[in-house]
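Protein chains in written order, with our numbering: chain A, 180 to 332; chain B, 180 to 332.
It should be emphasised that the hints constitute simulated quantities derived from the structure, not laboratory data. A portion of the hints provided could be inaccurate.
Some residues of chain A that are not near chain B, with every Cβ distance over 12 Å (derived) [as the list claims (entries may be wrong)]: (1) 191; (2) 200; (3) 207; (4) 226; (5) 234; (6) 239; (7) 244; (8) 256; (9) 289; (10) 295.
Reference listing, derived: stretches of chain B covered by chain A, where coverage requires no fewer than 3 residues with Cβ under 8 Å from a Cβ of chain A [claimed, not checked]: (11) 277-288; (12) 308-315.
Facing chain B, according to a computed beta carbon distance under 8 Å, are these residues of chain A, among others [as the list claims (entries may be wrong)]: (13) 185; (14) 187; (15) 230; (16) 285; (17) 303.
What you are looking at is a predicted structure, and each value in this text was computed from that prediction instead of being measured. Every residue, glycine too, gets a C-beta built ideally from N, C-alpha and C.
2 protein chains.
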Amino acid sequence: MRLTVYTDYALRMLIYLAIGDDGQARVGDVADSYGISRNHLLKVALELGRLGYVTTTRGRSGGISLAKAPQDINLGEVVRHMEDDFGLVECLRAHGACCIAPSCRLKVLVREAIGAFLAVFDEYTLADLAADNTALRSLLDLGQGHGKLPSVA
Amino acid sequence: MRLTVYTDYALRMLIYLAIGDDGQARVGDVADSYGISRNHLLKVALELGRLGYVTTTRGRSGGISLAKAPQDINLGEVVRHMEDDFGLVECLRAHGACCIAPSCRLKVLVREAIGAFLAVFDEYTLADLAADNTALRSLLDLGQGHGKLPSVA
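In isolation and in its complexed conformation, chain A is listed as follows (with noise of 0.2 Å):
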């Protein structure tokens, strides 16, 4: 089970422009930090930017900005907003063809099942990611933070 490539970018980058300075950074600087295409980010980003979370400047001292406070963005929206194919089984595909799909409780389940995992999405902010961001700055070579993160497992 994985969500898309789009959906992971797009939380990563929400982080980082949320544990910065000033909530502003460069396309190309997210990408070099995470090491993953900037082609990649900066759809991701436009996207971001269509749904209103960010801010796009362009020309050499533009970049991306949070256009929203971190704890006004929450995490179920954006999961919701980027990953736009919740067929997790052919019967709850746009043109599924399983034959009993008329019938079968399996999708009933499996749409009981999204609910549940995007639910705890639901009940979290940008800010409860980017919170105590002082090992995260650290990691992505921004310097000192706020705070020291506790342990996660």
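Please build the complex by placing chain B on the supplied structure of chain A, with the hints as guidance.
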């Protein structure tokens, strides 16, 4: 977000066996009924056999049958067994390369969401998918069933 085709096919094969007259079928017949690859389904059948969910019999009259009663086949276990990769995002994969993984809370959150997803499947057994199966038997061209399936969305 997708489950693998193997998990999808495994669930469909188990449903087919559970609603059949004697819990037995030929892989080719199951593949034909669903309109899916016989070769893919054969691999799924062998894996279900290895996991103890079905027994396979060789020869002209051979086939595949449930090794347990449907109510003893927990769907959460089936999904955990068949879906061998829950690396939804980079940091949860065996060779994940996200530089902030050591201190990032995203992986904690995603693990919690996967747990909530699987907990829904844990609440059901194959018997829940196979009960009142008139409509399912009809759709699979298996003749009359044993009750009326309630309408599902």
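Hints and how they fare:
no. : hint    : verdict
1   : 191     : violated, 7 Å
2   : 200     : holds, 17 Å
3   : 207     : holds, 16 Å
4   : 226     : holds, 17 Å
5   : 234     : holds, 23 Å
6   : 239     : holds, 27 Å
7   : 244     : holds, 19 Å
8   : 256     : holds, 14 Å
9   : 289     : violated, 8 Å
10  : 295     : violated, 4 Å
11  : 277-288 : holds (count 11)
12  : 308-315 : holds (count 3)
13  : 185     : violated, 11 Å
14  : 187     : holds, 5 Å
15  : 230     : violated, 18 Å
16  : 285     : holds, 6 Å
17  : 303     : holds, 6 Å
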